[in-house]
Amino acid sequence: MADQQDRPDACDVDRRVAVRDTYDRIATHFASTREYAWPEVESFVETHAGADGTGAVSREDAVGLDLGCGNCRHAELLAPYCERVVGLDVSRGLLETGRERAREREFDVALCQGDAARLPLSSDTVDIAVYVATLHHLPTRRARRVSLDELARVLDPDGRAVVSVWSTAHETFDETEGFDTTVDWTLPGGETVDRFYHIYAPDEFEAELAASALEVVDWEVSSGNCYATVAGSRV
Amino acid sequence: MKESLLEILCCPLDKHDLELEDAEYATDDDGDEADEIVAGVLVCSECGERYPIEDGIPNLLPPDMREETPA
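Chains A and B are the protein sequences, given in the same order.
Going by full-length UniProt numbering, the first sequence opens with residue 1, and the numbers climb by one from there.
Going by full-length UniProt numbering, the second sequence opens with residue 1, and the numbers climb by one from there.
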């Protein structure tokens, strides 16, 4: 069994289960509003999955990972460059929307239900990963730190990932320091469902990455989100 | 899921290999078994934790996050 100290406390798990349930509940509507890949992610994939043999994806059996895949719009971007792409999400409802998109658009994705802080993937197996708009849903700082270390573990040292979080740099927020909040999701019938977010201050996110086992390669704030390009752990 | 995915999956708790049990395979248009697993159980070779494959998607949530919660 895993070390006891790696295990989240019960309260933490309850809140993560609540995030899972929220996304199961809003999955279909949420996915329908997430049609397009983010341009920052397209740019990351073009840079690091380049077909010239110099990118992270130069192996024939390259593995891609869309962590917090939702409807798999970013797994779809990775698919042409990888032998296989894993789409992992905590919400079964969202995974079903990913399955539907893959069927409609004819790309392959290996779907998997899992926890971003306890990844069911072997070490150093991933060549290119997209971890966007997901980390900020983990309800405790400890879970978020463990999740970054887990990404470092599964990512090959020569692999690359883009990690994004919502930040205080967004015009929605007046705060300058990171904080926890809930953001309503309004379903078509008018019913609202709240979702947990930790809104990062950019320097806070930078410090979290520096404290993790990830190697930060590049860094930017764009459209109110922080983006980091990272490499896997060499330890 | 495809059986080859087992090459990179592991137990989310202790990261040991998983073994496939009770696998049911999809059938293709000719009625032959395809390489797509639609149901079965992934069992950790170390701690023995069992993870179900539900309608083709492996549920590798740790047991404390897997349970159904009341709606």
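Keep in mind that the hints were calculated from the coordinates and are not lab data.
Please note: incorrect hints may appear among the correct ones.
[Stated by the list, open to error] Okay, the calculated beta carbon distance ranges per label pair:
hint, chain 1, residue 1, chain 2, residue 2, range
1, A, 170, B, 30, 24 to 34 Å
2, A, 173, B, 67, 11 to 21 Å
3, A, 218, B, 52, 31 to 41 Å
[Claimed, not checked] Derived coverage of chain A by chain B (criterion: at least 3 residues anywhere in the stretch with Cβ under 8 Å from a Cβ of chain B; other residues may be distant):
hint, region
4, 86-94
5, 103-115
Note that the coordinates shown come from a computational prediction; the quantities given were computed from them, not determined experimentally.
Ideal placement from N, C-alpha and C gives every residue a C-beta, glycine not left out.
Q. Of the hints given before, which are not true for this structure?
A. 1, 2
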